[in-house]
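Following the hints, position chain B against chain A.
Sequences listed follow chains A and B, in order. Quick note: the first sequence uses my numbering, first residue 259, plus one each step. Quick note: the second sequence uses my numbering, first residue -9, plus one each step.
Treat the hints as calculated values from the structure; they're not laboratory data. Every value quoted in this text rests on a predicted model; they were computed, and no experiment measured them. Careful: at least some of the hints might be erroneous.
What the hints assert, rightly or not - As a list, the in silico SDA-like pairs of lysine to any residue whose alpha-carbon atoms are at most 20 Å apart:
1. 643(A) / 728(A)
2. 79(B) / 895(A)
3. 79(B) / 894(A)
Residue-level listing of the chains:
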Amino acid sequence: MNLTHVVWLVVALPLAGFLVNGGLALWRPRAKSAVSVVGAGVLLAAFAVAAAIFLELLAQPPAAPVIVRLWSWLPVDRLQVDLAFQVDQLSIVMVLVVTGVGSLIHLFSVGYMREDPGYARYFAYLNLFVVFMLVLVLGSSFPVMFIGWEGVGLCSYLLIGFWFSDKVNADAGKKAFIMNRIGDCGFLVAMFFLWRAFGTLDFTAVTARAGEVLTPGGAIVTAITLFLFLGCTGKSAQIPLYTWLPDAMAGPTPVSALIHAATMVTAGVYLVARTNVLFAMAPVSSLVVAGIGALTALFAATIGLRQYDIKKVLAYSTVSQLGYMFLGVGTGAYASGIFHLATHSFFKALLFLGSGSVIHAMHQAYHATHSHEDAQDMRNMGGLKQYMPVTFWLMLIATLAIAGIPPFAGFFSKDEILAAAFARGADSPLYYLYYAMGVVAALLTAFYMARLMAMTFLGPNRTGEQERAHLHDAPWIMTGPLVVLGVLSAVGGALNLPRLVGGHAALERWLEPVMEPARQFSHLIMPEGSTEYLLVGAAVAIGVLGLWLGFRSTLGQRIPTAHDAPPDTGLALVLNRKYYVDELYDALVVRPVEWLSRVVLWRGVDQGVVDGAAVNGAAVVSRLLGGSLRLLQTGQVGVYVVLFLVGAIWILRAVIR
Amino acid sequence: MPDTTFLGPALGLSAILFSLGAAGVLLRRNAIVLFMCIEIMLNAVNLAFVALAQLHGQSGYILVLFVMTVAAAEAAVGLAIILAIYRHKQSVDLQNINLLQG
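Isolated chain A (complex conformation):
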């Protein structure tokens, strides 16, 4: 039996979950056990189907992508778009990541959200998100991918503003949605260009005909790829559209783990990897992609150094790691980018869920004593290791993984990206700069992660005397998924073990059929021998140095609680305020737009032109016209007769002639 053709089941299962949970949210919001079973169950089932398909593909790797056509969606003259799914080596990896990590996060949510009155609504949104995410990665053409692309944006908005009764949360949701829309504009324009150039929007056709339709390095392919990348900067939170992601932490923590760390934000990386042949044909765009990636990696990492909210640190860390992925796909190491995407989804989901456990414990402790301290501020934590040992050890694994310490997952993927950037430097020296930025970002990553761990778990406890008694590890339904993610973070590197340590670069070889078309336009020769040893050694040294500096500087000082901490000054303040980028955008974009809307569009166009000229103008004209015609209506029969007679004679004259 050919399982590949039931791939629609992977999407249909979460969709059914959404419908059931949505119905329950409307009519039976108290039925929490039913919601849990349906919400997490459909994801596990979807993962099982995906794994079965994967095993089948593994046994018999398809030479060409398998297209599963469901129905004709947009039959418009020459534009024929089918609602079809594309199963190939790349999409199945993404499906496994989405459903696998998604399942774990759904299980975690069962414990984390148990007390929330919007439990059913939460799972309905979460299921819907998975549906759209799977459509995004499985879509066989740009428009189908765009359904998912827009859908995940919608679910992201709904879940960021999940606790919408607080204005801050609702605003964060709107910010995310609007920023994403700006990027989506780029995606649309790129689609229009592609349609003009190719007359089709299917991935397979575009990939196959790219070489004959477009000139390598030409203006069209550069424009297409740059507009696509604009879409990526919105969805994947890169400079200049990254500011929504840290604000997106207003949503529930499992949402941050699933949407804003593991899956949705990696959609941009997936898009670049999917259209690898186009990016390979446009060296300028690739340079931009890698440059923006490196810059974002460095920029976000510096902001992460001085954040106090545990989730904000992780948010900037995510932005930074996404920058790494773009550095990878920008240098042409598409498989490495996807590899880092996968390992990042493991350790970052673990970090977010671990921070969720911490926040959960802190929140309960403060709730028990009716304190109003900030449960997410790391200055109120400290010494949690003895109260939450399981969470501590698991988060330590993730920290080592993200810092790039061998043999944890992040080491292999990050090292590959840096090595690729270094190798590309031979063609274009600018990449050496990107490599240097990546190395510095790696140092900062290790530093802020060590700071986070030290402030949260080590040193003396600063939570408070009474609260301390209430701190404890989360129940097994929350810790269980953490353990699985911990194992994956530890051994995830085995997915793509480099030849240096006796591996076979399994993921890279697996993805080869998908990345092959790019090969003919841009071939990347990875460093080998002594250079490779040197690069690996440098990366490890940097990671260790960063961790050491981070632990030392954080533990060496007394940390005041958030309540009586002195305000930051100087550079620390600038970093804490995120370089004032939000304020800058506010002054440059938001306020002018608001001014334009209020003064020009509202007072000028709406009140002046629409209300004044059009609506009231029409009324005035008809009143004047009616007023003058009214004079004819004298009420004198004689006048009517005269008019009648004149009319009759006039008509007769016309008829007789």
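Relative to the frame of chain A, chain B by itself:
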């Protein structure tokens, strides 16, 4: 060949009568007189129908019967209205009746 001897004078008389009636309708203000003028106009048309029936067949005679029927019905309704107006206003002068002025 129909006899057309009196056709010219008959149509001429009809035209004179119609003009008289129309002038009356335009110039007189008494509702009863106005009403009579309308009757004159109708009968002028009847005369024309009868005269032309010789040329165009029997339908002219039949139309005359129709016109007379309608005129009778109209007279009944019209006189009733005039009577009602008189009871209301103690006058049938059309200049005083301008309730529908815009």
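Cross-check of the supplied hints:
no. : hint            : in the structure
1   : 643(A) / 728(A) : holds, 14 Å
2   : 79(B) / 895(A)  : holds, 17 Å
3   : 79(B) / 894(A)  : holds, 16 Å
When the structure is compared with the earlier hints, no violation turns up for any of them.
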